[in-house]
Amino acid sequence: MKSVALLAALVVVYAALLLPFTRHLRQRPFLEKVGYLPQPFILQTLAADQRYAMAAGLIFNVLAYYGTLVEKNLFGADIPPDHSTMQTTLITASRLDPYNMDIYYFAQSMAWNSNKIREITELLEYGMRYRDWDFYLPFFAGFNSAYFLKDYAAAAPHFATAARLSGSDLFTRLASRYMYEAGQTGLAIDYLTAMIQSSKNEAIKKTFQTRYAALLEVRRIEQARDVFRQKTGRLPKSIVELQDAGVLAPPPGDPYGGEFYLEPDGTVRTTSKFANPSQDNQ
Amino acid sequence: MIKIVGITFQGVLRDKVFHGILLVAGLFLFIPSASAFSMRQVPQLAITLSLSLTSFLLLLLAVFLGGTSLWKDVERRYTHSVLGGTPISRASYVLGKYSGVSLFVMATAFLLGVLSLAAIWFAAMAYPPDRPLLWLNILIAVFFDALKYVLLVAVAFLLSTVSTSFFLPIFGTIATFLAGSATQNVYDYLQTPQGEQLSAGVKAAALFFYYMLPNFSAFDLKANAIYSLPLDPGGLLLTFAYAAVYIAILLSSASLLFTRRELQ
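If you read the sequences in order, they're chains A and B. Residues 1 to 282 in this note's numbering are what the first sequence lists, from first letter to last. Residues 283 to 546 in this note's numbering are what the second sequence lists, from first letter to last.
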């Protein structure tokens, strides 16, 4: 009888522990959750023939972490993602399974909010050595080189490779557009359209859609600015001036919660910098 | 000897280890839904998980059946009564036991292969792949995985013939598996500029183990199966021949050692 009572007491203690224990595990920083990863060579060696499954597990960790964060931020939380650990985890996963497309796709989805565009592009170039049939990787690398790094000479051959692999003239157009250093916003909209169409993960799709909505507004302001300049022969001083001149209606809205403004050279900017306040931005 | 093969096969079927492994095989049911977590390659993730689970289950079988089959018979003095009361030689006995276990590993691989194909098919139906799946590659990958574990069973038998407890066959087989899976990586590292800076002694030791231990990485065709990469028929043939010769050497040594062993 005594032992049954002891067992029952232990079960009650266990049940009481479960809630704070689970909360503790959920709130652990991502670096602790994913653990300190050893060098890829050591992991490769230890993983034996389970390296592909191990890579899938690492990607799942990153995805689950990011998905939870996006959900929390949608409901008003303001938690900055740990881009550095996510990126290190993805690079390690790529050394375990260099063919895995999820790695490159997810790394690219971080491009806008990460300040490590060169590293992401290098990761894509590493993947291109293996996935030599896949037009997405040169497409992403070309976009990063052109849009973020303004390195048009590096972008053009990537777009040419994407055009060759896909048989689509979209990339040929992108390549030529970038040879003329024009249409930044248009290129980004084309890129995001392709990404949204091919996106299956809801968390990532939402980040693309928000960015897409913001860029559509930027393009609308740019078009209004150009109309204004044609009419008056000078650049507008502010967004309000465009509205007063009747070339911009309805007023533009920034889905990130900021306010659009014009630089003296006419470039459209926003106070949100196209990111949640806590996130880094390009 | 054929009788021993049959008895071993039936014995394994009744073994609790096998029943436990069958239970774990129920995880195949969850593979199609687990694969949906992938963003861009659902069928490929289904293949990855299926082949990984297959490989893991075959590893358990190879280690526990290979490591305990012969040892159990010696421990329970079955060998004493069988070898004492029948004209079966000790070498035939070892070969018969080995063939029974290997046949069982192959049959389980076939069953797991069928389950894998079903799981992959479901995932591919729900999320059609960008590149066509090469079903033959998947089957060949499962076959070579099974061949790898048949070789590992031979390692376990060799260790069983010299051991008086199950520790050496079980842990020795696991250690051989881990080391044999890593040697190619180490060998490749030796060819890099960093590897060339290692001392001559370390390099010689690494090369010794590279040539002595079974090279299991040759049997890993998962990338070809998952990403529909072309297979090299010449390479497959060489790997098959490598396994056949290596198994023959291990079994000859095991028979020789078991023949000279003092059985109580």
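Hint data in this document are derived by calculation from the structure and do not stem from the laboratory. One should not assume that every hint holds.
One-sided excerpt, in silico: chain A residues whose CB lies under 7 Å from chain B [claimed, not checked]:
(1) 45
(2) 48
(3) 53
(4) 56
(5) 60
(6) 61
(7) 65
(8) 99
(9) 105
(10) 129
(11) 197
(12) 202
Note that CB positions come from ideal geometry on N, CA and C, so glycine has one too.
These are the hints, each one checked on the structure:
no.: 1; hint: 45; verdict: holds, 4 Å
no.: 2; hint: 48; verdict: holds, 4 Å
no.: 3; hint: 53; verdict: holds, 4 Å
no.: 4; hint: 56; verdict: holds, 5 Å
no.: 5; hint: 60; verdict: holds, 6 Å
no.: 6; hint: 61; verdict: violated, 11 Å
no.: 7; hint: 65; verdict: violated, 13 Å
no.: 8; hint: 99; verdict: holds, 5 Å
no.: 9; hint: 105; verdict: holds, 5 Å
no.: 10; hint: 129; verdict: violated, 13 Å
no.: 11; hint: 197; verdict: violated, 13 Å
no.: 12; hint: 202; verdict: violated, 10 Å
The structure fails hints 6, 7, 10, 11 and 12 (numbered hints given earlier, in ascending order).
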